[in-house]
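J.: Sequence:
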Amino acid sequence: MLKAVLFDMDGVIVDTEPLHRKAYHQMFDDVNINVDEDLYASFTGQSTINICKRLVDHFNLNETPEHLVSLKRKHYKIFFENDDLDLIDGVLERIQDYHNNGVKLVVASSASMPGIKQIFERFDLNQYFSAKFSGADLKKSKPHPEIFLKAAESTGFDKSECMVIEDSTNGIQAAHSAGIYCVGFKSPHSSHQDYSLANKVITSFEEIAYDKAYDLV
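149 is the number that UniProt numbering gives to position 149 of the sequence shown; each next residue is one higher, with no gaps.
These aren't lab readings, by the way, just hints derived from the structure by calculation.
All of these numbers come straight from a predicted model, not from anything done at the bench.
A hint or two may mislead.
[Unchecked claim] Simulated crosslink set (DSS-like; lysine-lysine; CA at most 25 Å straight-line):
no.: 1; residue 1: Lys77; residue 2: Lys132
no.: 2; residue 1: Lys150; residue 2: Lys200
no.: 3; residue 1: Lys22; residue 2: Lys3
no.: 4; residue 1: Lys53; residue 2: Lys22
[Claimed, not checked] Taking CB as the label site, the calculated pair distances span:
no.: 5; residue 1: Arg21; residue 2: Leu216; range: 40 to 48 Å
no.: 6; residue 1: Val201; residue 2: Ser42; range: 44 to 52 Å
no.: 7; residue 1: Gln96; residue 2: Asp57; range: 42 to 50 Å
no.: 8; residue 1: Leu197; residue 2: Arg54; range: 44 to 52 Å
no.: 9; residue 1: Gly156; residue 2: Val201; range: 22 to 30 Å
no.: 10; residue 1: Leu216; residue 2: Asn62; range: 45 to 53 Å
no.: 11; residue 1: Asn34; residue 2: Ser191; range: 15 to 23 Å
no.: 12; residue 1: Val31; residue 2: Met1; range: 47 to 55 Å
no.: 13; residue 1: Lys212; residue 2: Asp30; range: 17 to 25 Å
no.: 14; residue 1: Asn101; residue 2: Asp137; range: 34 to 42 Å
no.: 15; residue 1: Phe123; residue 2: Lys212; range: 23 to 31 Å
no.: 16; residue 1: Val31; residue 2: Asp89; range: 29 to 37 Å
Glycine residues also receive a C-beta, built at the ideal position from the N, C-alpha and C atoms.
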């Protein structure tokens, strides 16, 4: 029986992907590199520092990964403060639905903790979630399962009573490796992602309303 849901954030709770894309591409221009779509798509679900480490290695850059991170976050802050951002359609209703039925909710995102807090404060989500985990604070980034194992442990329930909602190849692989039931949210905003390891693939949050999902896991 479903006791806890572990939410990814970007692409699942809120669509910040266009803002991240603009910020990353501005940073790419700053350091004069050309990142093609296949390489960019492979970043989805990974922390900014790990992405920047990959860029430094891939393009043999003289800049440090930390410098790339600071450039990207500077651009993202500007875009975030000046964009008409909204929650993913239907997700607030699902969060409230689970919360009202006693399901424990945890966010497990590759975003930085300040980035997670920005979103949660902007949309008043703290009241629904018992914990937040940032992949940027962990040793391993998705597709490594560490973040979901820690998030599941924090709920006090067994992994078999937890469900992950993810939209990226790396996140779905992380949930699969953690041995946790995974719903792949196939969003129009999540292109070039592989959902084959998800236990269930959805295109609408209505498909996993509590009365339909409580016996999935």
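J.: All hints, please: hold or fail.
T.: Quick rundown of the hints versus the structure:
1. Lys77 x Lys132: OK: Lys77 and Lys132 at ~20 Å, within 25 Å.
2. Lys150 x Lys200: holds (22 Å)
3. Lys22 x Lys3: violated (37 Å)
4. Lys53 x Lys22: holds (19 Å)
5. Arg21 x Leu216: 40 to 48 Å: violated (32 Å)
6. Val201 x Ser42: 44 to 52 Å: violated (20 Å)
7. Gln96 x Asp57: 42 to 50 Å: At roughly 43 Å between Cβ atoms, Asp57 and Gln96 fall inside 42 to 50 Å, so the hint holds.
8. Leu197 x Arg54: 44 to 52 Å: violated (22 Å)
9. Gly156 x Val201: 22 to 30 Å: holds (28 Å)
10. Leu216 x Asn62: 45 to 53 Å: With a Cβ separation near 49 Å, Leu216 and Asn62 satisfy 45 to 53 Å, so the hint holds.
11. Asn34 x Ser191: 15 to 23 Å: Holds, at about 19 Å.
12. Val31 x Met1: 47 to 55 Å: Check passed, 50 Å falls within 47 to 55 Å.
13. Lys212 x Asp30: 17 to 25 Å: violated (46 Å)
14. Asn101 x Asp137: 34 to 42 Å: violated (30 Å)
15. Phe123 x Lys212: 23 to 31 Å: This hint holds: roughly 24 Å between Cβ atoms.
16. Val31 x Asp89: 29 to 37 Å: holds (35 Å)
When held up to the earlier numbered hints, the structure conflicts with 3, 5, 6, 8, 13, 14 and fits the remainder.
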